[in-house]
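Order-wise, the sequence lines are chains A, B and C.
If you count the first sequence from 1, position 44 lands on 44 in the numbering used here, and the numbers rise without skipping.
If you count the second sequence from 1, position 185 lands on 185 in the numbering used here, and the numbers rise without skipping.
If you count the third sequence from 1, position 139 lands on 139 in the numbering used here, and the numbers rise without skipping.
Careful, some of the hints might be misleading.
Since the list gives no way to pick one copy over another, a pair counts as held whenever it fits inside one copy or between any two copies.
Said to hold, decoys possible - No more than 20 Å apart at the CA atoms, straight line, and that leaves these computed lysine to any residue pairs for SDA-like:
1) Lys-36 with Asp-53
2) Lys-50 with Ala-111
3) Lys-143 with Gly-172
4) Lys-143 with Tyr-185
5) Lys-143 with Asn-124
6) Lys-183 with Glu-64
7) Lys-143 with Gly-154
8) Lys-143 with Gly-130
9) Lys-50 with Gly-154
10) Lys-33 with Glu-173
11) Lys-143 with Glu-173
12) Lys-50 with Thr-126
13) Lys-36 with Arg-179
14) Lys-183 with Thr-88
15) Lys-183 with Ile-70
16) Lys-36 with Met-158
17) Lys-183 with Phe-157
18) Lys-143 with Thr-167
19) Lys-143 with Glu-171
20) Lys-50 with Glu-64
21) Lys-143 with Thr-69
22) Lys-143 with Asp-155
23) Lys-33 with Pro-97
24) Lys-183 with Gly-49
25) Lys-143 with Gln-129
26) Lys-50 with Met-141
27) Lys-33 with Phe-170
28) Lys-33 with Gly-154
Hints are computed from structural coordinates only; laboratory data are not their basis.
Just so it is clear, the structure is predicted and the values come from calculations on it, not from any experiment.
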Amino acid sequence: MSSKNIAPIILVFFLCISGSSAIPGGKKIKYHKPCKELVLYFHDIVYNGKNADNATSAIVGAPEGANLTILAAHYHFGNMVVFDDPITLDNNLHSPPVGRAQGLYFYDSKAEFTAWLAFSFVLNSTDHQGTINFVGADPLMHKTRDISVVGGTGDFFMARGIATIMTDAFEGEVYFRLRVDIKLYECW
Amino acid sequence: MSSKNIAPIILVFFLCISGSSAIPGGKKIKYHKPCKELVLYFHDIVYNGKNADNATSAIVGAPEGANLTILAAHYHFGNMVVFDDPITLDNNLHSPPVGRAQGLYFYDSKAEFTAWLAFSFVLNSTDHQGTINFVGADPLMHKTRDISVVGGTGDFFMARGIATIMTDAFEGEVYFRLRVDIKLYECW
Amino acid sequence: MSSKNIAPIILVFFLCISGSSAIPGGKKIKYHKPCKELVLYFHDIVYNGKNADNATSAIVGAPEGANLTILAAHYHFGNMVVFDDPITLDNNLHSPPVGRAQGLYFYDSKAEFTAWLAFSFVLNSTDHQGTINFVGADPLMHKTRDISVVGGTGDFFMARGIATIMTDAFEGEVYFRLRVDIKLYECW
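Produce the complete structure using the sequences and hints provided.
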């Protein structure tokens, strides 16, 4: 095989190996590189019966004995919250929003603070138009938690990846801010 | 390299490039072609306290102050609805169903009509046997909304894609019909 | 083309064809082989007002007229349950847990026992560290039901696949045990 012949084969080989697909047989490739990265913040203000004007989320489900304006005892186990939270580029609640985080979380343990998330980022700015869909477990007390990016639309058409969530701030049981580091490993 | 040698390389190149995988580095390929397309309708009749015989869905969560037979004020913010809706091939509620749309939606904004969806199409007809799983944001007032197909089983084994949703009809707060244009970009 | 030249091309061809990606044009490949398989059990004990110490799940949503300690009439239609269930390697509730199944299920039919699931396996053992995220329809009365693995983190980074669920045992309306056969077809 002459050196003239090797070039296209190497190229093809590279395209197959280093793409985002799995390798047959399930061998892991370590050190994947994201094809797109975003860092965004979102801000959740839970309705507590007194903050209707500012609240961005509301308790809509609760276990027996609990109510819909006070988070339940036992690590809020069974509280389900629907939210429509502003997304910002930095950690300032009053920065101009670039979209909305819309979805659901619920606290799912009686023994520790842990939640489960299913939501979308609905982005609508000069930089990004489209949605990113997330699901996953959120063990709140860990400094970082990884959830799945299961799909996307618009600029994020068919995206998949991992989002690393950090609690950037919280104030009692009313406000919290999450930092979300999105790393997409499948881009179309 | 002789012309005899070029053919298989071109073929391999085509298989890698034009497949549904991401291209390393995240370069976008525009004009993807779906590997499977379906257009289906589903019909939702919300329980309002009087229509138990016909209702296909029920409010199961509501914010403080709301109840489970009347959709809440403020754009129904916080209402969560569980559904088991007939799927039809055309826009007629009384056409023979080809399956059931089963899942959840909830209204997640105090400022506009917008919802979030997580559901499955459970198809059981001569044409299709299997399930398709969807999640995504549904800003109702937009003519079309894109959500993610995050997986499938049976005939839709491992499918991924985009579903474009249109409100095909609605009657007050009791009935609505959605047209769902499913475009799969990953077929196995 | 000499035989020396054929080998790398065949290899590349194999890598492209037999990978986990879709083939352009949507042709199905039958008989896929999983890249990873796991069989796990999880155990759900629903709170019924009397078993607070043992319960691992709680009803947090119910249709009009129902309550949060007794599963609703009409096939539990509209009951939504949040859970944090132990995962074991065998069918014994008292085996050492290898993680927690955390998420949500709800009953979504008035006409038969059927549910919808969205949850994570949060695995934390010497064998596995990471999460697996699932969504899908669960028609309880079928012997086996297939749902989607839509993503994963840690050891299950970016995983996709199918989980086949079987009701391994149940006791009245308080306890059930599910066997979950996880077959991943995309491994990274």
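Hint-by-hint comparison with the structure:
1. Lys-36 with Asp-53: neither (36 Å within a copy, 46 Å between copies)
2. Lys-50 with Ala-111: Between. Shortest inter-copy distance 18 Å satisfies the 20 Å Cα cut-off; intra-copy 29 Å does not.
3. Lys-143 with Gly-172: Answer is within: at 18 Å inside a copy they meet the 20 Å cutoff, but 40 Å across does not.
4. Lys-143 with Tyr-185: neither (23 Å within a copy, 31 Å between copies)
5. Lys-143 with Asn-124: Result: close only across copies, 17 Å inter versus 29 Å intra.
6. Lys-183 with Glu-64: neither (39 Å within a copy, 37 Å between copies)
7. Lys-143 with Gly-154: Between copies only: 15 Å across chains, 31 Å inside a chain, cut-off 20 Å.
8. Lys-143 with Gly-130: between (28 Å within a copy, 15 Å between copies)
9. Lys-50 with Gly-154: neither (38 Å within a copy, 41 Å between copies)
10. Lys-33 with Glu-173: neither (37 Å within a copy, 48 Å between copies)
11. Lys-143 with Glu-173: within (18 Å within a copy, 38 Å between copies)
12. Lys-50 with Thr-126: neither (35 Å within a copy, 47 Å between copies)
13. Lys-36 with Arg-179: Only inside one copy: Lys-36 and Arg-179 sit 17 Å apart there, 32 Å across copies, limit 20 Å.
14. Lys-183 with Thr-88: The answer is within: 17 Å in one copy meets 20 Å, while 32 Å across copies does not.
15. Lys-183 with Ile-70: neither (35 Å within a copy, 41 Å between copies)
16. Lys-36 with Met-158: Classified as both; 13 Å inside a copy, 15 Å across copies.
17. Lys-183 with Phe-157: So Lys-183 and Phe-157 pass the 20 Å test inside a copy (14 Å) and across (12 Å) alike.
18. Lys-143 with Thr-167: within (7 Å within a copy, 36 Å between copies)
19. Lys-143 with Glu-171: Only inside one copy: Lys-143 and Glu-171 sit 17 Å apart there, 39 Å across copies, limit 20 Å.
20. Lys-50 with Glu-64: between (23 Å within a copy, 12 Å between copies)
21. Lys-143 with Thr-69: neither (27 Å within a copy, 35 Å between copies)
22. Lys-143 with Asp-155: For Lys-143 and Asp-155, only the inter-copy Cα distance (19 Å) is at most 20 Å; the intra-copy one is 30 Å.
23. Lys-33 with Pro-97: Neither way: Lys-33 and Pro-97 sit 28 Å apart in one copy and 34 Å across, limit 20 Å.
24. Lys-183 with Gly-49: Cα proximity of Lys-183 and Gly-49: none, with 37 Å in one copy and 43 Å across.
25. Lys-143 with Gln-129: Result: close only across copies, 16 Å inter versus 30 Å intra.
26. Lys-50 with Met-141: neither (27 Å within a copy, 30 Å between copies)
27. Lys-33 with Phe-170: Neither: 32 Å inside a chain and 45 Å across chains, both beyond 20 Å.
28. Lys-33 with Gly-154: Between copies only: 15 Å across, 22 Å inside.
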